[in-house]
Amino acid sequence: MGRKAMSLALAVMAAVFFSSFSWSAETLKVGFDIPLTGDIPQVGESSKYAAEMLKEQINGAGGVKVGDKTYQLEFIYEDNESKAESATAAALKLITQDQVLAVIGPQASKQAVPAGEICNSFKTPMITPWSTNPQTTLDRPYVFRACFLDPFQGPVAANFATKEFGAKKAAVLYDIASDYPKGLAEYFKAAFEKIHGAGSVVAFETFTTKDRDFSAQLTNIVKSDADVLFLPQYYDEVPLVVKQARELGWKKPIMGSDSWGSAELMKLCGEACHGYFFSTHYAAAGAQGATKEFIDQYQSKYGYVPDDVAALTWDATRLLLQAVQNTNGLTGDLEKDRDAVKDQLGQIKDFEGITGKMTFTPEGDPIKCAVIVKISDKGEFEFFESVCP
Amino acid sequence: MNIDTLVQNLLNALQWGSFYALIALGYTLVYGVLLLINFAHGDIFMVGAYIGFFLATFLLGQYALALPFSLPPHVIFLVTLLLTMILTAFAGVTLERVAYRPLRRKGVNRLYVVITALMCGLILENGNLALLGANRRNFPQLLDNTVYSLGGVTFSDVKLLVIFATIAVFLLLETIVRKTKLGMAMRAISYDRMAVPLMGIPVDTVIVFTFALGSSMAALAGVLFATAYPVLEPYMGALVGWKAFIAAVIGGIGEIRGAFAGGFLLGFVEIFVAAFFPSTLRDLIAFSILLVFLSIKPTGIFGVARATKI
Numbered sequence: 476m477g478r479k480a481m482s483l484a485l486a487v488m489a490a491v492f493f494s495s496f497s498w499s500a501e502t503l504k505v506g507f508d509i510p511l512t513g514d515i516p517q518v519g520e521s522s523k524y525a526a527e528m529l530k531e532q533i534n535g536a537g538g539v540k541v542g543d544k545t546y547q548l549e550f551i552y553e554d555n556e557s558k559a560e561s562a563t564a565a566a567l568k569l570i571t572q573d574q575v576l577a578v579i580g581p582q583a584s585k586q587a588v589p590a591g592e593i594c595n596s597f598k599t600p601m602i603t604p605w606s607t608n609p610q611t612t613l614d615r616p617y618v619f620r621a622c623f624l625d626p627f628q629g630p631v632a633a634n635f636a637t638k639e640f641g642a643k644k645a646a647v648l649y650d651i652a653s654d655y656p657k658g659l660a661e662y663f664k665a666a667f668e669k670i671h672g673a674g675s676v677v678a679f680e681t682f683t684t685k686d687r688d689f690s691a692q693l694t695n696i697v698k699s700d701a702d703v704l705f706l707p708q709y710y711d712e713v714p715l716v717v718k719q720a721r722e723l724g725w726k727k728p729i730m731g732s733d734s735w736g737s738a739e740l741m742k743l744c745g746e747a748c749h750g751y752f753f754s755t756h757y758a759a760a761g762a763q764g765a766t767k768e769f770i771d772q773y774q775s776k777y778g779y780v781p782d783d784v785a786a787l788t789w790d791a792t793r794l795l796l797q798a799v800q801n802t803n804g805l806t807g808d809l810e811k812d813r814d815a816v817k818d819q820l821g822q823i824k825d826f827e828g829i830t831g832k833m834t835f836t837p838e839g840d841p842i843k844c845a846v847i848v849k850i851s852d853k854g855e856f857e858f859f860e861s862v863c864p
Numbered sequence: 176m177n178i179d180t181l182v183q184n185l186l187n188a189l190q191w192g193s194f195y196a197l198i199a200l201g202y203t204l205v206y207g208v209l210l211l212i213n214f215a216h217g218d219i220f221m222v223g224a225y226i227g228f229f230l231a232t233f234l235l236g237q238y239a240l241a242l243p244f245s246l247p248p249h250v251i252f253l254v255t256l257l258l259t260m261i262l263t264a265f266a267g268v269t270l271e272r273v274a275y276r277p278l279r280r281k282g283v284n285r286l287y288v289v290i291t292a293l294m295c296g297l298i299l300e301n302g303n304l305a306l307l308g309a310n311r312r313n314f315p316q317l318l319d320n321t322v323y324s325l326g327g328v329t330f331s332d333v334k335l336l337v338i339f340a341t342i343a344v345f346l347l348l349e350t351i352v353r354k355t356k357l358g359m360a361m362r363a364i365s366y367d368r369m370a371v372p373l374m375g376i377p378v379d380t381v382i383v384f385t386f387a388l389g390s391s392m393a394a395l396a397g398v399l400f401a402t403a404y405p406v407l408e409p410y411m412g413a414l415v416g417w418k419a420f421i422a423a424v425i426g427g428i429g430e431i432r433g434a435f436a437g438g439f440l441l442g443f444v445e446i447f448v449a450a451f452f453p454s455t456l457r458d459l460i461a462f463s464i465l466l467v468f469l470s471i472k473p474t475g476i477f478g479v480a481r482a483t484k485i
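These protein sequence lines map, in sequence, to chains P and W. Residue numbering for the first sequence follows the working numbering, starting at 476 and increasing by one per position. Residue numbering for the second sequence follows the working numbering, starting at 176 and increasing by one per position.
Hints in this document: simulated from the structure, not taken from any laboratory. Note that CB positions come from ideal geometry on N, CA and C, so glycine has one too. Just to be clear, a hint being listed does not mean it is correct.
[To be verified] Residues from chain W that face chain P, not an exhaustive set, calculated with beta carbons under 8 Å:
1) T180
2) V182
3) Q183
4) W191
5) T269
6) A309
7) A363
8) S365
9) V406
10) F452
[What the hints assert, rightly or not] Derived, one-sided and incomplete: chain W residues facing chain P with beta-carbon distance under 7 Å:
11) R279
12) T355
13) L414
14) A450
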């Protein structure tokens, strides 16, 4: 044993050590472009919690097996402050600086529409869990979503209002400066007027983001003798509108959309919101199977019932991992891998998500059912009925 | 538009204008004495709403540390309102002490003090964001808020309370500024800041009093605002604060009557534009009207032209 042999042994050990080190450090980077602050921070929190839960579960079980390699997950969370411009900056940072394989988010259409443009032009797959506006995925082969679309949700709400409340005239109040409410309000109007004839939407009132007083618009709505008020707004505006509407003497039903389904809504709105309906992606009360498992696990970990954003983020991330697995092995060349993942995402069929079964169309939109939820007198989101395309 | 809708919108406008008026008051008081535009004032309003929120939830016994007895909700409301006004007055005075007084002592140009005020506002907003997180807070409902209907006009307790409180504050402040010695000192400082200390008037005391008065009015606005619009967020003061500043300018900054007239005017314009036109055009039309108004009378409704402005 001379000095040579000694250094050789050391070199071998070092080589083994480093190669095994880099082997175990094989990671799959996924970026999250979510609103951790800004107008809808609860949405960001739910997304992050759901993703963290999934990561722990998968990494705890050894990681994701793709082809013959196993990868540990690494999730990078970027705050988009619930602003369109920050969402594009966050997407850009995730793609170019953090070199992620794919992006999950943004959640609201206001951010998802512009961020989708960035991801598509950088040829990076993006799955938005919650954005229902058609623009998000339109003509963008790299952009997918895990939820239904507004052209489907609008008619669902219009039909339900007609059937359940016997509504012949409807009023709509929405934020004209935000993509999601504006799009959905227009689809609702079109669907409702198709059933009841032109002019049956008797009040089509607007406001702009950050408004706190809606008394002038609501006065018009109350005086318009509409049978139902359609309010496709986010959880921070809904309590204000609902309470002001009641103060101005509105006693008829109010119908909401999937943006109502946040865990925070009942904390802010309380009894004022009891008895109203909204269309959404899943109902937590009365869930079964994998959905119930997810809900129980989330509740015991974070202390509250997960909202639809959490469930959809869970599904979107699992969809992405499924697509990664379907590639049968990553090359390590980021551009090729991103392309392969995109191709696989477009071919997913009958994916069993906790928010329902999904099959993708070539446009990157899934075909799936909507759920109508009633807010019970205990403030729970109760399953009322399911509407399928 | 029939008469019901008109009266209803008048009431809506009075409520909305009340908030502008109460906040505009803080701008106008400070400007009247120091010729300083205190851009942090909108955020003092936000601080007031949050202090009110924590006091109200504490008094309702929602924390581990609770009072040994429970109070009826309307008593809690009154106690919250008074304590919030006192605490927020301290916050306003602290702001003056920490941020503005050192600059004033150094005799720097007023421009720098205005920039400092803007920064203080941002610090308050983002400090709140860092301290309490971005989650919205729900201000507890302390008043019954019965809804009355008279003909086709509907109004609630809160609406009436807001309007009457604003009128009461107007009368109170007019009395303080016109009839008391401190009020006279305030007017004197704005008239000639060099001569006043020579007459033995303690300038700093008067300035502290002005900030305390303005901040407590912002606190009153904050608690009433949170009662009427019970969702609190760190940036709630920014937009309302700017618009209230515009209201103060329209009324003639430095004039108490002007703050009220400007606040109600802005409230009326906003509500009626939203009622008649598509609400998309509200701010466009509202501010175009105000722009035309200012170009005709640049000093505002009650303002008098002064030689020194910033």
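(message) Which constraints among the numbered hints does this structure fail? Numbers only, ascending.
(response) Hint check: 2, 5, 7, 8, 10, 11 and 12 fail, others pass.
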